[in-house]
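All chains, full assembly: derive it from the sequences and hints.
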Amino acid sequence: MLKKTIPILLLITMSACEVYRQDDYAEQYVIESFLTAGETLPEVKLSRTIPLNQTYVFEEVAISDADIVIRLTAADGSASDVYTYTESSRRGIYTPDDQDARVISGRMYTLEITGLDRPGDRITSSAIVPLQFEIVSLNVDETVYQSDVQFEFNLTRSFFPGRQNVFIASSIALDPDSFPLTPFWADRDGEPNEYIQVSSGLINEGNYTVNEDNTIDLKYPWIGIAYYGPNRLDIYAVDDNIFDYYRSLQTQQGGGNISPGQIENVIWNVEGGIGLFGARAGVSADVFVKQQD
Amino acid sequence: MRLDPRISADYQFSSRLKLQAAYGRYHQFLTLITNEAFSGFDVWLTTADGVPPAWGDQFGLGLKYTPKRNYNVEVEVYYRTMRGLFELDPRIPDAAGLDYADLFRFGTGYAYGLEVLLEKTAGRFNGFIGYTYGNTRRKFENYNNSNFYPPKYDRTHDVNVVLNYNLSRKWMLTSVFSYATGQAYTEPLGRTRIRDPFGTLPTDPLTVGRVNASRLPDYHRLDLSATYYSTFFGLGDSELQIQIINAYSRRNIWFYNFELEENPPERSEVPLLPIIPSLSYTIYF
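Protein chains in written order, with my numbering: chain G, 1 to 293; chain V, 294 to 578.
The set of hints was computed from the structure by calculation and includes no laboratory data. Model, not experiment: these values are computed from the prediction. A couple of the hints might just be wrong.
Claimed, not checked - Here are some, though not all, of the chain V residues that point toward chain G, as calculated from beta-carbon distances under 10 Å:
no.	residue
1	L482
2	V504
3	D511
4	R514
To be verified - Some chain V residues near chain G, calculated using beta-carbon distances under 8 Å:
no.	residue
5	R376
6	G377
7	P386
8	L499
Where a beta carbon is used, it is the ideal one built from N, C-alpha and C, also for glycine.
Dropping the structure here:
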């Protein structure tokens, strides 16, 4: 009995063996373009991926001679305006033929690329520009780094369909040659000029206050300032493409609660390729960051 | 409140051979969030509104055979379903302001396998050989293209051999050998570079293959020990144990680390510990 039963059990189990093999590397198209509410249409960079063990040089992977358009979608879903692009003098970088057209907040834009290496290939990605907002007030225009008085913006509310507002705070040092790095950034291994513009990461609703008058109070995080002295502080409301890209990139590169060695994929909201066609709306203020005694 | 029906039945072919079959439904109200780098970060998360318990059905069929006294042979096949799996969504950048249920991703899974145990339970020389062939698969919405994938702990083959030899009434020698299929991991395949519109430095995202479709090298290890049984000045029993952990100093791989700031990125192996001698003395009161 045993001699018959054990082989049967083994057969049942082994016959259910599953093949789950790793993919081979496959080259993909890569897009890069960022719409900013109120600004002119952005350039579009087009390239291809490389295998992990190769050195990245954009000029070597740039793709020329593609046909690129960005469509502004009307309320009924049709294209109300079509903006054509032409490759610039730099290979793989395309600029809009209409240099005056401005990005309209609250509207959806669709990027479409054809004329690629393989006939029939087509890349598309859509982005909704968050609603433009304004600074109502900024509590101070200079303060001591990490003092009790933090730069605090009072802002009108932006809007993005289907979810809470998500912001990224970013600072640009206006005189990095004359002022030193703040302690957090000074402790890092990189060159000082790598930190002229730094950001806070994603800021969601738990980190700002919504007031009764529907304005919001947002404290600018200290970690988002790399240099003492004069700085331009930017607050951007971001679209889903930027939100998904940054949150998944952070996880891929070791953030979040994942074990070492776990590598997650990035969320690409792109059809026919990968990359980022993002949209944002922002405000800026110039401030001065004083050193602690 | 959840209903968890369970049933099992035995059929005795002879005094030496028994067939067992079992079915059970199980609910799980906790899920463990762990980070191997920092064991202090282990967190048990509970069910709540919007986060119902995970549950599954388990089927098992086994044979137990006793060819002679102190010898056992066991063979079992199993199949289990997993429904309502919940785990923290690693892509949530910041939990502040989110509802509890929004922190999770929900999925399903299944597992099946075969377990074989050969055992000698008594005598001067005793021990067991255990072998498991197993497959576990899970899937979550919008992750791995919503396809099933093996979790990190999935081991296709797992062998454990434990041998004890009683050298005398005072001394016992033990060897433990373990072998397991390498841990599953997701392999980065390609890369690109995308400007960061909020920072000076560009971002260097990777393109990765199917989730956990690659394997680290197989894991194996031999531990040897000698135990001396005595008493501690008549106060209680004592054990002096001399142990050699990882006797042939196999550098099993814990994980691969990718230095993404390099161009091209560099892969390095982070190994587990080499051979470690150990001496312990235990007193039982």
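Going through the earlier hints one by one, which of them does the structure break, listed in rising order? Of the numbered hints given earlier, those the structure breaks are 3, 4, 5 and 6, listed in rising order.
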